[in-house]
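> On the provided structure of chain W, position chain R with the ligands as indicated by the hints.
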Amino acid sequence: MPISTQIDKIDAYDKVLGKAKYASDFYMEGMLVGALLRSTRPHAHIKRIDVSKAYSLEGVVRIIQAKDIPGENSFGIIRKDQPLLCDKKVRFIGDPILIVLAVTEKVAKEALRLIEVEYEDIEPILTPSDSERSPILIHESGNLLTHKKVIKGNVEKGFSESDIIVENTYITTWLDHAYIETESGFGYMDGNGRIVIYSSTQNVHYKRKEISRILALPEEKIRVVQATTGGGFGGKLDMTIEGYVALSVYLTGKPILIRYSREESFLVSTKRHPLYIHYTTGAKKNGTLCAVKVSIIGDTGPYASYGETVCLRAAIHATGPYEVENVYVDSKMFYTNNPISGAMRGFGVPQIAFAHETQMDILAESLNLDPLYIRMKNGLKRGSKTATSQILEESVGYLETLERIKPFWLERKKGKDRGFGLGSMFYGMGNTGITNPSWAELKLSSDGKVVLYTGVCDIGQGSDTVLAQIVCETLGIDVSKIEIVRADTDYTKDAGSTSASRQTYISGKAAYEAALKLRSFLEREGFYSGKKLKDIFEKYKDMGMPVFDGFFDPPTTKLDPETSSGKPYATYAFATHMTEVAVDSSTGYVKVLKVHAAHDVGKAINIQNVKGQIYGGIAMGIGFALMEEFVPGKTKSFNTYYIPTSLDMPEVDVFIVESEEPTGPFGAKGVGEPALIPSAASIANAIYDATGVRIFELPCDMEKLKLLLERKRERG
Amino acid sequence: MKMEKIRFFLNGKDVETEIEEGEILLHTLRERFRITSVKEGCSIGECGACTVLIENRPFYSCLTLSSKVRNRNVKTVEFLGREGLHPIQESFIRHGAVQCGYCTPGMLLSAYSLLLRNKTPTVEEVKKAISGNLCRCTGYVQIVDAIIDASSKITERMDDQQIPDRGCLSKDEILNLLASTENSLIIAGGTDLLISLREKKDAKKFIDVTSCKELKGIEKGVGKIFIGATTTHTEISESQILLNKANSLRMASESVGSPQIRNMGTIGGNIVNGSPAADTVPALLIHDARCILESKDGKRLLPLENFIFAPYRTRIERGELLLGVEIDELDGFEEGYVKVAKREALAISRVSFAYAIKEKDGFFEELRLAIGSVTPSPFRARKFEERLRGKERDKRIVEEACSILFEEIRRLSGDRPSYRYKFPVLRDLITSRLGR
Ligand SMILES: Cc1cc2nc3c(=O)[nH]c(=O)nc-3n(C[C@H](O)[C@H](O)[C@H](O)COP(=O)(O)OP(=O)(O)OC[C@H]3O[C@@H](n4cnc5c(N)ncnc54)[C@H](O)[C@@H]3O)c2cc1C
Ligand code: FES
Ligand code: FES
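Residue numbers (this note's numbering), protein chains in the order written: chain W, 1 to 716; chain R, 1 to 436.
If you're looking for bench data, these hints aren't it; they were derived computationally from the structure.
Hints are supplied without guarantee of correctness; some may be wrong.
Stated by the list, open to error - In silico lysine to aspartate or glutamate, DMTMM-like type, Cα no more than 20 Å apart, as pairs:
id, chain 1, residue 1, chain 2, residue 2
1, R, K2, W, E105
2, W, K106, R, E31
3, W, K109, R, E21
4, R, K200, W, E110
5, W, K21, R, E31
6, R, K200, R, E182
7, R, K200, W, E58
8, R, K395, W, E710
9, W, K109, R, E23
10, W, K106, R, E20
11, R, K342, W, D701
12, W, K636, R, E199
13, R, K342, W, E697
14, W, K106, R, E23
15, W, K19, R, E31
16, W, K19, R, E83
Unchecked claim - Using C-beta positions, here's what the derived DEER-type ranges look like:
id, chain 1, residue 1, chain 2, residue 2, range
17, R, R433, W, K47, 57 to 65 Å
18, R, K395, W, F408, 35 to 43 Å
19, R, D172, W, D417, 55 to 63 Å
20, R, S152, W, G448, 35 to 43 Å
Quick reminder that beta carbons are idealized off the backbone N, C-alpha and C, glycines included.
The following block holds chain W by itself, in its conformation from the complex:
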């Protein structure tokens, strides 16, 4: 059944008019502005902090230190290993030490310069291998954050049966989300002494939990509301400014605004994990994959953040969208004194996709097979068994994505310095092997509308619109009849975070379930035979208007602790990109000319939104492949961290594959992260096609590529 209501993005009106309120747009009389003092050392004990000079600066109202925190001085999505304010030890350049509250941002920043901190340096640990060997510990629990394995069959047997073995190492680096709005939040104390926070965030309920621990206040005393959010991409999942704003409000009773400068955002926001991937593939002459053995080592930085998620997700997806009988993946994350690595669009999968897709191309070339053919031959399909031994039963549109690309692939015409590359991926929807439920609620309002209460943070991807469409489609009403109350802990139930491409699939399903209940109620009440919503509301208003709730938690299983066997995700998205590049062999500059992108999204609830995700993902993929590189100590702002401009974007043709997922709303899955994942891999393969130079390290910027071309030229 197609989705009949294709509507414009509902948040777009306020945004084009400049009326949308982002956190830093809030203002209240008497508001104070907060700024954070941050460590200038990668690893040190704090010996002494002297704030006296700063206090004497006019306009400074309060300086807050760790000792002022009433509750726990720690937070973390999985492991609470990150201090809100450091008092004993700092673990990276940028670790927060105290908050200055002042009448203006300028005064607050000036005060920071007047604060003296005495450090006793500890030798910093700057690589995972040092972290593994060093007797110096970043946390008392040891330097290994986590170690996961994915085991299927017998990998050694698989290699012994192989006709060919391909073994390579792939390296990726830190990337920044580079959302154009930096981390920002505004808070105040309401008339009842409750703390209200408006923040730029991807999850309000999690933030409330953390604030409650930090302030030792019950959650009911805290309200977190999502302000319009200027992009997230994973970087606004962790606590950013929320804890500081809440603590400042709590201690002063004043309205507080904290906004990171761009430099601060680059310094402290979580980064994409740099991964060192050692990848060995064994295959038969005919291209059948026999064995895949992968070792993944990641630099998780000083705090856990999403390190454990990335470690496991990268391991589970290490084979790519291919059926392999024998798999052995070993994945480790080490603490270092580098920037914090965390969640970024794809949780490790874009990195591993670069590796498995390059392996596939090398294999194809060595066996004299067509790269598309070898993917077809091994591609996951209904009935396939994944590396975690999950049997895929429904909605496996991978081969169809290849089919859609195939005519263009077969017709491709290679010019001088031009090349084409393929990149494929699969991606599990939602959190890995754990429960990740979502709720939605529907009510009628006095003005005859349906109100959807959802905890989902719309960070621009369009969940407000998609959820509205799902409800409207189910109820058979027009979008003008729906209103949304979004991501406000006072009014909406926990919908989990906007991450893991889960909201359309999971919260969309919850909204669908709620709408089904409302629908049967409306049927009983005669709405479908002409009665007005307003009149139905009138009838119930004194008895209390019923609430119709919907709930969904995708069916997954816990994974085996040794082998990770199980059902980590209820369903997967699939995609293939074919990318054409032109390489300027004089400079090493790569221009992406054209992308054909085929995505199995289950069902496109909003076609325009799906396309928007894919275009945006490709832009980010171009950045990942060709220009983005966060260099600790060097990267400061957008002048040292290049992201693609409009002129760097190619023409894109999108092909939507709809292999419906029975557990999803109208068959929908997700597309947010899948949009990005195959992109860099396909670019790297296209560069090889154009130049004969293999890329094993990203980004492949013009200087790296030129040096590789020179080396090739010298060899003749």
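The following block gives chain R with the ligands in isolation, referenced to the frame of chain W:
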């Protein structure tokens, strides 16, 4: 803090406010007028979220002194939406061109400015017009579609109203101020200066030279052309006078930053800032540019070749003002400017060069080459020029001559690790451009 009063037109309304010395337009608009549609994304002219229109051209408000808009027309996205949705806003909604929306107001203004001047833009023209506005969400595709689609629906024209008199300073007044004011700083576009002052908090007295008519404009003389110091990159790249007389300079200015930077940045600022990567400098060098400097003590002419002597160091003296540059026309020359940078817009040159060739019967009758971003300051490769003068215009011969060029470079700056990249690039590019 000393305050001053300014009056200007904000979205068509005549407004007045007090500002601090050195206040930035972004802050004036957000804090004094509470126009929060003007966003802050970086504060250094690299993202475009703060874009506003001044006389219908996009500017980065984060790098614009508020005092600069005195008597001028400033527009924010509220102007577009003043009577409900503007066709271009409607088109953005229709095409799904808005995701998080943080780039949207700035993007709309850049697009609107383009459509005022060009009703039938091509995809490339649209992309170029918004290349100073970063968007991390959309990949720009739907934005470009929206702008193209809106172009047919826009009836407004650029109101060619006279740029209002901004309370001009004359050259002599500037020279007097320079001589008499302590701690004074000349500011033109401010795109270099305000960034370098960001971390310095001591108040400065800015002398805004862009309000001086005598420093602006391009004038043709006999065999030579005068370019006023405050001529912007946009004006240079669009100049009809420079067409076919100094094409490399037009190309160089066109390659600078983004539309906003080109509207703000001036050639004088580009020169006096003294960056090794300044794009106009190699182009000016092949035209034998002379800097015209003046102070209370008089005027002097200095070849540009000697003017910048080290990175960010020039021979300008305290109290001196750069009036402009005088260049030789290169009529009948084939000219080019090549910029190697890591992306298509908003990118600093890694390697650049300007060249001019006069060819006769397949031989170099004359050849000029100047290189940027390789040595402490851009330089004229005179030895290389000499070697090739009178030689056949042949790829192999040009490539051989590159060894002379590399010697010249090494003599200027020793050996640097970056030459592992830059030399092969120069060799390949120069060979392909100059050779046949
Ligand atoms: C985002 C961004 C991108 C950029 N991209 C490029 C690029 O691609 N290529 C490039 O070459 N540059 C680039 N620049 C640098 C800058 O924009 C140019 O150098 C510009 O031409 C500077 O001009 P301005 O008028 O803004 O100079 P200002 O910042 O106003 O002045 C620069 C210096 O010159 C002095 N000065 C200015 N005018 C005079 C005068 N008439 N007499 C005496 N002294 C004077 C000032 O005191 C100051 O020291 C970029 C800058 C930014 C922020
Ligand atoms: S804030 Fe980024 S360009 Fe002005
Ligand atoms: S829509 Fe988010 S930055 Fe453009």
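> Decide if the proposed pair is consistent with the structure: W/K109 and R/E23, CA atoms, cutoff 20 Å inclusive.
Holds, at roughly 16 Å.
> Mind checking the alpha carbons of W/K19 and R/E31 for me, to see if they're no more than 20 Å apart?
holds, 16 Å
> Check the hint pairing W/K636 with R/E199 against an upper bound of 20 Å on the C-alpha distance.
Measuring from Cα to Cα gives roughly 13 Å; hence the hint holds.
> For R/K395 and W/E710, compute the direct alpha-carbon distance and say whether it is at most 20 Å.
holds, 19 Å
> Checking one constraint from the list: CA of W/K21 to CA of R/E31, max 20 Å. Satisfied?
Distance of about 15 Å is within 20 Å: holds.
> Taking only the CA atoms, is the gap from W/K109 to R/E21 under or equal to 20 Å?
Cα-Cα ~19 Å, so holds.
> Would you mind confirming whether the straight-line C-alpha gap from W/K106 to R/E31 stays at or under 20 Å?
Answer holds: W/K106 to R/E31 is near 13 Å, not above 20 Å.
> Tell me if the straight-line CA distance from R/K200 to W/E58 falls inside 20 Å.
holds, 19 Å
> Is R/K200 close enough to W/E110, meaning Cα to Cα at most 20 Å?
Cα-Cα ~11 Å, so holds.
> Per the hint of 57 to 65 Å, is the separation of the Cβ atoms of R/R433 and W/K47 within bounds?
Given a distance of about 60 Å, which is inside 57 to 65 Å, the answer is holds.
> Given the hint of 35 to 43 Å, is the C-beta distance from R/S152 to W/G448 inside that range or not?
holds, 38 Å
> Holds or violated: 55 to 63 Å for the Cβ distance of R/D172 and W/D417?
Given a distance of about 57 Å, which is inside 55 to 63 Å, the answer is holds.
The structure meets every hint from the earlier list without exception.
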